[in-house]
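Chains as they are written, first to last, in this note's numbering: chain A, 98 to 415; chain B, 21 to 329; chain C, 53 to 379.
The hints are simulated quantities; they were obtained by calculation from the structure and are not laboratory data.
Be careful, since some hints might not be right.
Label pairs and their calculated CB-CB ranges [said to hold, decoys possible]: (1) B:S202 - A:A377: 44 to 52 Å; (2) B:P95 - A:D373: 46 to 54 Å; (3) A:T184 - B:P95: 32 to 40 Å; (4) A:M98 - C:D180: 31 to 39 Å; (5) C:R61 - A:M98: 58 to 66 Å; (6) B:S202 - A:D187: 50 to 58 Å; (7) A:L107 - B:F197: 26 to 34 Å; (8) C:D136 - B:L66: 33 to 41 Å; (9) C:R61 - A:P410: 39 to 47 Å; (10) A:D187 - C:D180: 29 to 37 Å; (11) A:V407 - C:M308: 50 to 58 Å.
Coverage of chain A stretches by chain B, computed from C-beta distances (three or more under 8 Å per stretch; other residues unrestricted) [unchecked claim]: (12) 228-234; (13) 240-246; (14) 266-275; (15) 309-320; (16) 353-360; (17) 382-392.
Just so it is clear, the structure is predicted and the values come from calculations on it, not from any experiment.
Here a beta-carbon is modelled for each residue, glycine too, at the ideal position from N, C-alpha and C.
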Amino acid sequence: MTTQVIRRLLQTIPTLIGVSIVLVLIFHLIPGNFVDSNPTISKERATELKEMYGLNDPVHIKYIKWTQGVLKGDLGYSISHKQPVTTIIDRYVWNSVLIAGAVMVLSWIIAIIVGVFSAVRQHSFFDGVITFLVFAVMSLPSFFLGLLAIKLFAVDMRIFPIGGMTTTGANYEGWAHVWDVLEHMILPVIVLTALNVGGLTRYFRTSMLDVIKQDFIRTARAKGLKERTVIFKHALRNAMIPAITLLGFEIPSLFAGAMITESIFNWPGIGGVFLDAITARDYFLMLGYTFFIAFLTIIGNVVADLMYRVVDPRVRMK
Amino acid sequence: MSEAVVHSNSVNAKPPTKKPASPMRLALREMRKNKFAMAGLIVLVLMFLFCFIGPMFSPYSMDDAMNIRNANKAPSADHWMGTDKVGRDVLLRVMVAGQTSLMVGIVAMLVTVAIGSTLGAISGYYRGWVDTIIMRLADIIMSIPSLPVLIILGAALSELKMDPANRIYLVMFLIGFLSWPSLARLVRGQILMLREQEFMQAAEVLGLRDRRKIFRHLLPNTVPIIIVVGTLAVAGGILMESVLSFLGLGVVPPTPSWGNMISAANSMIEFQKRPWLWIPPGVCIFITVVSINIMGDGLRDALDPKSKR
Amino acid sequence: MANNLIEFRNLRTNFYTSSGVVKAVNDVSFSIKEGETLCVVGESGCGKSVTAMSLMRLVSPPGKTEGGQILYKGQDLLTLKERDMRHIRGNEIAMIFQEPMTSLNPVLTIGDQITEPLLLHKGMTRRDAKKRAIELIELVGIPRAAKIFDSYPHELSGGMRQRIMIAIALSCDPKLLIADEPTTALDVTIQAQILDLMRNIKSEFNTAIMMITHDLGVVAEMADHVVVMYAGKVIEEAPVHELFANPKHPYTQGLMRAKPILNQRQDRLYTIPGQVPNPVELGNNCYFNDRCEHCMSVCVDKQPVLTTYENKHKAACWLYEKGGEVS
Numbered sequence: 098m099t100t101q102v103i104r105r106l107l108q109t110i111p112t113l114i115g116v117s118i119v120l121v122l123i124f125h126l127i128p129g130n131f132v133d134s135n136p137t138i139s140k141e142r143a144t145e146l147k148e149m150y151g152l153n154d155p156v157h158i159k160y161i162k163w164t165q166g167v168l169k170g171d172l173g174y175s176i177s178h179k180q181p182v183t184t185i186i187d188r189y190v191w192n193s194v195l196i197a198g199a200v201m202v203l204s205w206i207i208a209i210i211v212g213v214f215s216a217v218r219q220h221s222f223f224d225g226v227i228t229f230l231v232f233a234v235m236s237l238p239s240f241f242l243g244l245l246a247i248k249l250f251a252v253d254m255r256i257f258p259i260g261g262m263t264t265t266g267a268n269y270e271g272w273a274h275v276w277d278v279l280e281h282m283i284l285p286v287i288v289l290t291a292l293n294v295g296g297l298t299r300y301f302r303t304s305m306l307d308v309i310k311q312d313f314i315r316t317a318r319a320k321g322l323k324e325r326t327v328i329f330k331h332a333l334r335n336a337m338i339p340a341i342t343l344l345g346f347e348i349p350s351l352f353a354g355a356m357i358t359e360s361i362f363n364w365p366g367i368g369g370v371f372l373d374a375i376t377a378r379d380y381f382l383m384l385g386y387t388f389f390i391a392f393l394t395i396i397g398n399v400v401a402d403l404m405y406r407v408v409d410p411r412v413r414m415k
Numbered sequence: 021m022s023e024a025v026v027h028s029n030s031v032n033a034k035p036p037t038k039k040p041a042s043p044m045r046l047a048l049r050e051m052r053k054n055k056f057a058m059a060g061l062i063v064l065v066l067m068f069l070f071c072f073i074g075p076m077f078s079p080y081s082m083d084d085a086m087n088i089r090n091a092n093k094a095p096s097a098d099h100w101m102g103t104d105k106v107g108r109d110v111l112l113r114v115m116v117a118g119q120t121s122l123m124v125g126i127v128a129m130l131v132t133v134a135i136g137s138t139l140g141a142i143s144g145y146y147r148g149w150v151d152t153i154i155m156r157l158a159d160i161i162m163s164i165p166s167l168p169v170l171i172i173l174g175a176a177l178s179e180l181k182m183d184p185a186n187r188i189y190l191v192m193f194l195i196g197f198l199s200w201p202s203l204a205r206l207v208r209g210q211i212l213m214l215r216e217q218e219f220m221q222a223a224e225v226l227g228l229r230d231r232r233k234i235f236r237h238l239l240p241n242t243v244p245i246i247i248v249v250g251t252l253a254v255a256g257g258i259l260m261e262s263v264l265s266f267l268g269l270g271v272v273p274p275t276p277s278w279g280n281m282i283s284a285a286n287s288m289i290e291f292q293k294r295p296w297l298w299i300p301p302g303v304c305i306f307i308t309v310v311s312i313n314i315m316g317d318g319l320r321d322a323l324d325p326k327s328k329r
Numbered sequence: 053m054a055n056n057l058i059e060f061r062n063l064r065t066n067f068y069t070s071s072g073v074v075k076a077v078n079d080v081s082f083s084i085k086e087g088e089t090l091c092v093v094g095e096s097g098c099g100k101s102v103t104a105m106s107l108m109r110l111v112s113p114p115g116k117t118e119g120g121q122i123l124y125k126g127q128d129l130l131t132l133k134e135r136d137m138r139h140i141r142g143n144e145i146a147m148i149f150q151e152p153m154t155s156l157n158p159v160l161t162i163g164d165q166i167t168e169p170l171l172l173h174k175g176m177t178r179r180d181a182k183k184r185a186i187e188l189i190e191l192v193g194i195p196r197a198a199k200i201f202d203s204y205p206h207e208l209s210g211g212m213r214q215r216i217m218i219a220i221a222l223s224c225d226p227k228l229l230i231a232d233e234p235t236t237a238l239d240v241t242i243q244a245q246i247l248d249l250m251r252n253i254k255s256e257f258n259t260a261i262m263m264i265t266h267d268l269g270v271v272a273e274m275a276d277h278v279v280v281m282y283a284g285k286v287i288e289e290a291p292v293h294e295l296f297a298n299p300k301h302p303y304t305q306g307l308m309r310a311k312p313i314l315n316q317r318q319d320r321l322y323t324i325p326g327q328v329p330n331p332v333e334l335g336n337n338c339y340f341n342d343r344c345e346h347c348m349s350v351c352v353d354k355q356p357v358l359t360t361y362e363n364k365h366k367a368a369c370w371l372y373e374k375g376g377e378v379s
């Protein structure tokens with residue numbers, strides 16, 4: 098097992114190097130930087146700053162400097178926040194995880210229940226409605242659904258706050274604070290769950306449909322088991338195995354922060370911070386964030402792969 | 021038993037009741053049975069007509085002078101979807117914007133299909149180091165989060181002050197370019213399987229050139245999978261364009277697109293008081309994408325019954 | 053003579069497919085006696101498996117059992133509540149299938165799968181169930197039972213898996229064991245072992261067996277009584293010796309000739325000409341008429357009924373009816 102893990106991790110190195118080269122190249126080619134786009138900086142100061150941040154270096158020097166930093170756990174220095182990029186990520190990423198975690202739990206629960214019932218009653222009216230709804234939510238642009246939710250529930254009906262993470266100037270303590278944050282979370286979580294749950298439901302439905310057709314389900318029924326046991330013990334367990342690997346693939350989205358939704362709801366997450374960094378031409382923050390997500394994606398693939406080997410007895414490692 | 025008729029053995033197998041149909045025709049028949057998918061197709065055709073033919077019936081024209089006095093009017097008999105802040109007819113703009121959005125989706129799909137199927141086929145056919153390089157490249161591109169990169173590139177395009185008319189082509193290309201790896205992987209898998217089959221050995225014996233073998237014999241067999249992925253890629257492209265344009269980083273005014281129309285209404289007052297500015301384009305994106313997705317799913321069931329995922 | 057354990061009376065099971073209604077089981081009647089081995093023979097698609105699935109009430113859509121009765125100990129299974137039927141499945145009537153490789157759940161251990169019916173039907177504690185499961189594994193002839201208990205199906209060979217399927221089926225001491233082509237997917241040597249095992253079980257537990265097969269070799273070895281099916285109908289029924297000595301229906305005769313006989317050189321193996329008729333387009337005639345070498349005009353016009361002749365021999369064929377000459 099350990100050697101497998103190590104081998105799998107070593108395989109990611111070329112991909113990581115490739116990703117870093119592509120990203121540094123993109124950032125090298127982008128015109129403009131925070132110095133030139135800020136008219137208040139004097140000429141001498143500008144040259145000084147460019148020298149300091151290595152903005153005039155040729156691309157390979159930039160790459161080497163940046164990689165050296167990354168290996169030491171330093172993703173660079175955010176100009177707009179005047180703090181190291183890692184500090185910024187650490188400060189905002191947890192707000193994103195809070196939302197993304199809630200979304201993940203919620204959408205998995207809904208998707209499993211709905212997907213299973215939809216599969217068991219394939220071609221029923223319920224299945225038809227669910228199938229349509231699934232496609233509907235999969236097809237909504239995130240910003241449109243977000244705006245619509247704000248308009249309906251926050252502006253028109255005033256059920257939920259319009260945005261932010263806490264009520265401005267309220268300074269709640271303890272449970273009141275927790276409650277306040279929860280209230281601000283509800284709308285973005287609903288929007289993101291809606292966007293997320295469609296694909297997952299579809300996945301569980303097809304997966305269950307595949308399993309239900311198998312011979313061992315017939316065996317289970319022939320044993321005289323209750324239909325509930327047949328579906329939830331015999332069928333769902335088999336359908337869950339490929340699904341477990343999805344958990345690995347969801348790691349990056351857990352930390353990436355939903356850029357558009359966060360910015361629409363003014364949630365102080367890492368995705369929104371990234372969008373702001375673009376206007377400020379905060380080179381290192383953008384690069385650091387993008388690399389961070391790419392890194393998580395690669396790790397997520399490895400985790401998915403390894404998890405599959407752990408949960409499936411057929412390929413389980415001895 | 022005197023009447024016993026000795027039945028001659030010549031009455032062998034009855035002819036099959038249905039004529040053997042090509043897989044493509046079978047798929048179409050299957051598809052026609054799928055009411056959902058057919059409904060999706062019909063809605064999609066209507067949407068195309070709405071966007072491309074619709075403007076001809078509009079009393080207004082995109083070249084009409086701005087008319088501030090007529091600005092921000094709610095929907096009425098003259099302007100079914102109201103007017104925007106410079107007095108332009110929203111209905112007409114939604115139709116014209118639709119042309120842009122649909123085109124972005126289609127061209128992005130073509131880019132994806134062109135790169136993805138070619139590289140996938142080459143990778144699967146030659147294997148060895150060619151395969152390793154292409155698949156590594158695919159891994160790298162798949163690992164890079166596409167939305168952040170598109171946003172960064174969009175910002176760079178804005179920085180370059182690129183002409184909006186040309187910019188749209190770059191946007192199409194970029195969207196298409198970032199989504200080829202998954203198609204390439206699928207095509208590669210199919211080709212790897214196909215090249216071991218007998219008809220390819222026949223092609224080998226005939227001494228056909230590689231290019232002919234790949235493009236005339238192998239790739240046509242992967243068409244079903246390409247059609248399915250391609251259909252869904254159009255939906256993906258439209259969604260991606262709308263997000264980018266909403267952020268002001270995709271298609272930029274004066275070229276209208278559904279995404280940038282919603283973006284134009286993104287101030288608190290417009291948003292709250294004038295929903296006719298942003299709801300119609302949003303609904304259009306939704307209708308288009310939902311019908312493409314449903315149709316794509318029907319196609320997948322019809323063309324590729326094995327891989328339902 | 054022993055009592056009837058199962059009695060099929062005019063059973064009808066139809067499948068509603070896109071190309072029409074398929075009468076998979078079309079007015080089938082026969083019975084299985086206590087402790088008897090009854091073989092149902094026929095080509096694939098003749099309705100023999102569907103008959104068994106109808107008995108278990110596990111015919112899945114688009115199939116539907118729509119007529120007749122299946123009497124088990126005098127009560128009609130088809131009118132039983134689903135709850136009561138569940139109590140019969142796996143407990144009083146158990147079933148094993150053709151594909152041992154896929155009939156076991158790949159993610160549950162063998163132990164889990166054997167103890168399941170014990171916990172469910174016999175209300176055993178986990179410990180007792182485990183003890184019994186290990187006994188059962190030994191009973192079906194697998195050594196190191198305790199180790200097997202914790203294995204997963206993929207770790208066992210096809211023959212071992214079929215033994216496990218038999219162990220599961222036997223776990224609750226069923227009155228009837230349905231075996232749907234239990235040896236078809238196995239190697240020849242393993243086939244013989246599995247058949248031996250089933251014979252031992254029958255003599256040891258006095259379990260009735262309903263064996264579905266297309267292999268007359270299996271029939272000769274196992275059966276007490278044989279039912280021959282063709283296109284959803286029973287066309288011949290007889291005790292095994294009578295059937296082999298004196299096959300009546302031309303289809304049965306064809307089956308016997310199609311079977312290679314050892315030590316006897318044949319230039320060409322006999323095959324029954326033609327194909328099974330399209331199940332959607334059946335008319336009111338003998339379904340075998342276009343393949344039959346004795347086909348008469350009546351065979352094309354009228355359907356023969358299953359008639360009892362000497363030695364408990366039943367057949368549905370105009371050759372043995374006076375009606376054949378009348379029309």
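(message) Can you tell me if the segment 309-320 of chain A counts as covered by chain B, using C-beta to C-beta distances under 8 Å and a minimum of three residues?
(response) violated (count 0)
(request) Mind checking the hinted window 39 to 47 Å against the Cβ distance between C:R61 and A:P410? (result) Hint holds: Cβ distance 45 Å, inside 39 to 47 Å.
(request) Given the range 26 to 34 Å, decide if the beta-carbon distance of A:L107 to B:F197 lies inside it. (result) holds (29 Å)
(request) Could you check the hint for me, namely that A:T184 and B:P95 are 32 to 40 Å apart, CB to CB? (result) With Cβ atoms ~50 Å apart, the hint is violated.
(request) May I ask you to test the hint 58 to 66 Å on the CB atoms belonging to C:R61 and A:M98? (result) Given about 60 Å between the Cβ atoms, the range holds.
(request) Closer than 8 Å, Cβ to Cβ, for at least three residues: run that test on the segment 228-234 of chain A against chain B and report holds or violated. (result) Since 4 is at least three, the answer is holds.
(message) Looking only at beta-carbon atoms, does the pair B:S202, A:A377 fall within the given range of 44 to 52 Å?
(response) violated (33 Å)
(message) Quick check: does the Cβ-Cβ distance between A:V407 and C:M308 fall within 50 to 58 Å?
(response) Distance hint for A:V407, C:M308 holds at roughly 55 Å.
(request) Given the hint of 31 to 39 Å, check if A:M98 and C:D180 actually sit that far apart at their C-beta atoms. (result) holds (36 Å)
(message) Does the beta carbon distance between C:D136 and B:L66 stay inside 33 to 41 Å, or does it fall outside?
(response) violated (54 Å)
(message) Closer than 8 Å Cβ to Cβ for three or more residues is the test here. Does the segment 382-392 of chain A pass it with chain B?
(response) holds (count 5)
(request) For the range 29 to 37 Å, tell me whether the beta carbons of A:D187 and C:D180 fit it or not. (result) Between A:D187 and C:D180, where Cβ atoms are some 56 Å apart, the hint is violated.
Violation of the numbered hints given earlier is confined to hints 1, 2, 3, 6, 8, 10, 14 and 15; the remaining hints are satisfied by the structure.
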